[in-house]
Amino acid sequence: MLSIKNLHASIGDKEILKGINLEVKAGEIHAIMGPNGAGKSTLASIIAGNENYEVTQGEITLDGEDLSELAPEERAHKGVFLSFQYPVEIPGVSVTNFMRTAINETRKAQGLEEMPAKDMLKFIREKSELLEIDRKFLSRSLNEGFSGGEKKRNEIFQMAMLEPKLAILDETDSGLDIDALRIVANGVNKLKSDKNAIIIITHYQRLLDYIVPDFVHVLYNGKIVKSGDASLALELEEKGYDWIKQEQEA
Amino acid sequence: MDLKEKLLSSFMAFEERIDVHSELHDVRTLAIKNFEDKGFPTKKDEAWKYTSLNSVLKNDFTVFSKKENAIEFNHVKKYFLHEIDTYKLVFIDGVFNSHLSSTTHEGMDICLMSSALNKPKYKMVIDNYFNKIASKDESLTTLNTAFANEGAYINIPKSKVVHKPIEIMYFSTGSEVALLTQPRNLIIVGENSHVQIIERHQSLNKNPVLTNSVTEIFAQKRAIVDYYKIQNDNLGANLIDNTYVSQKQESHVSVNTFSFGGNLTRNNLNFYHFGERITSTLNGITIIGEKQHVDHYTLVKHSTPNCESFQDYKGIYSDSSTGVFNGKIFVEREAQKTNAFQKSNNILLSDKATINAKPQLEIFADDVKCSHGCTVGQLDETALFYMQQRGIPQKEAKALLMYAFSNAVIESIKIPELKQRITKIIATKLGVKIGFDL
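Protein chains in written order, with numbering that gives the first Met the number 0: chain S, 0 to 249; chain R, 0 to 437.
Just so you know, the hints here were simulated from the structure itself, not pulled from any lab data.
Given the structure is predicted, the values throughout are model-derived calculations rather than measurements.
All residues carry an ideal CB built from backbone N, CA and C; glycine is no exception.
Keep in mind that a hint or two might mislead.
Covered by chain R, according to a simulated footprint, are these stretches of chain S (three or more residues, beta-carbon under 8 Å) [to be verified]:
id, segment
1, 62-72
2, 96-110
3, 167-177
Isolated chain S, as found in the complex:
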């Protein structure tokens, strides 16, 4: 589904991604781990189309279609979803209004009619139950005054509403306590299917206990230096990232 070949990207003069290769097929869960500054969030932003970064070499394709010329909203319409590490606060716009706008804009782009209000309400109810979200929460302003855990849960709620093909979860576990983690992980597990794919970006093994990856990659210094299965994450937890750094320097 997602194919990244020899991706080089910079911000200003600084090159951050130095030749990333990654293949993600439908139905798969990939974890990308690595120390701070390795380029994990940058990779996530670039797949989503953040125009602050410049792709200097290589390509990104989704189902064979080149994403490089597409604006972020166009990539979203094709089914790309990024759960932000730091979700943005938008006071005055409720969660429901925001989702309604997002869903209807996507439908418009796909040549569909707007979802009727009654259906939208039903849809919202279903998905909020899935994520154990209180209805009152949905009429609050988007992310305003939300705790870290609530923000992350709201990201997964949006993922449930938008039903993406490719979901990238950027440090979704940071700032979550055990209960919030369980709820978020449950949500993601209920949403995964053999038609979609998930990329989990994380420092820590913890989330991967709940959302078990098919593949684990280690991103270090702008490149994927090691790949393996779920047991690689456990090895990293035991040995730390120094092990990788030492291997690379040898």
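Following the hints, complete the assembly by docking chain R onto the known chain S.
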């Protein structure tokens, strides 16, 4: 004959119509003399550095409307808050219209200035309050004082909660080619009383109008006054609003100004404290485009201890529009433990839009908390990216963000129907659909 000369000569005709022996005559005479000496302000006046009246003053304004014009309620229904019951003071081309109004004398006075200025039963109030807080120096204010004869007169006695909001509406029919109108409002709110007032100026066609209005508000101890100014007029309308607020101990007065329309709008908003533990709130939302100009000139004078003032002005400027925010806070030596906060946040949507923001703080007390913040910028890129990532195209994302930017001030509107109305106007101006609630 330029407008100043026209006004000075019509003052003489005006005087012939009124009782020249009353004390008011002396007040008017001093006022017209002040205007004669100073004339209309120009850009050489520091207070008018960024706002020029030249092109407005070139219009050939009629100074008194000669006809009494009628309007069908159905034509103007949309300007009122028709969903709820309100008191209404409606003026057409400066003349009170009883047909559209809804006044009262039951336990309080919500009626007209012309009655208050002429009938003996109001004399004591007029002697004690009329022109007592309005400036006697500022040229346009004194011009209004010289000709003051009609407007809203609201006197709420103590311990009265006025359950219905009061709508003060000034309509211009445009039957004159260009009209100058000078409404004068006097609002007195007694101890422990509570009133909500909405004021709106609306011209009904494109003919130029210049409104030079003066409003004096007296809030007695523990009084609560919520005042809303809706400035969403046609592009031919010009408004100079001079509002003076005098507050006594523990009173709360808030003035919310919504500036969306008009050609040139100047809001002079002044607060004076005469007591401790007073709260003053000044909020504004300005959303303009084309060649519109809005100038907010505020003054809060902290002269007594333990008082607070909050100013939050948001502005969004597109095309070649221009905005000014000049916020002055004076804290006198006796005003210890003052909390004064001022924010002016502005978004420029085009290269040709301009905002001049000038906070001015003069602080003579040493135990105070004062802050000011002016920002001028564009929309937050991270927030835009977040919305685009959710499938919302850039244009719609920008509009939603701008709506969110104005939201803090919208939240402070205490009349739900008015809040909805303003929200709708803003959402329409920005091209955003917000009406969906669970």
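Hints and how they fare:
Closer than 8 Å: that is the beta-carbon criterion, and the segment 62-72 of chain S has 3 residues meeting it against chain R, so the requirement of 3 holds. Counting residues of the segment 96-110 of chain S whose CB lies closer than 8 Å to any CB of chain R gives 9, which reaches the minimum of 3, so the coverage claim holds. A stretch counts as covered by a chain when three or more of its residues have a beta carbon under 8 Å from one of that chain; for the segment 167-177 of chain S and chain R the count is 0, and the coverage is violated.
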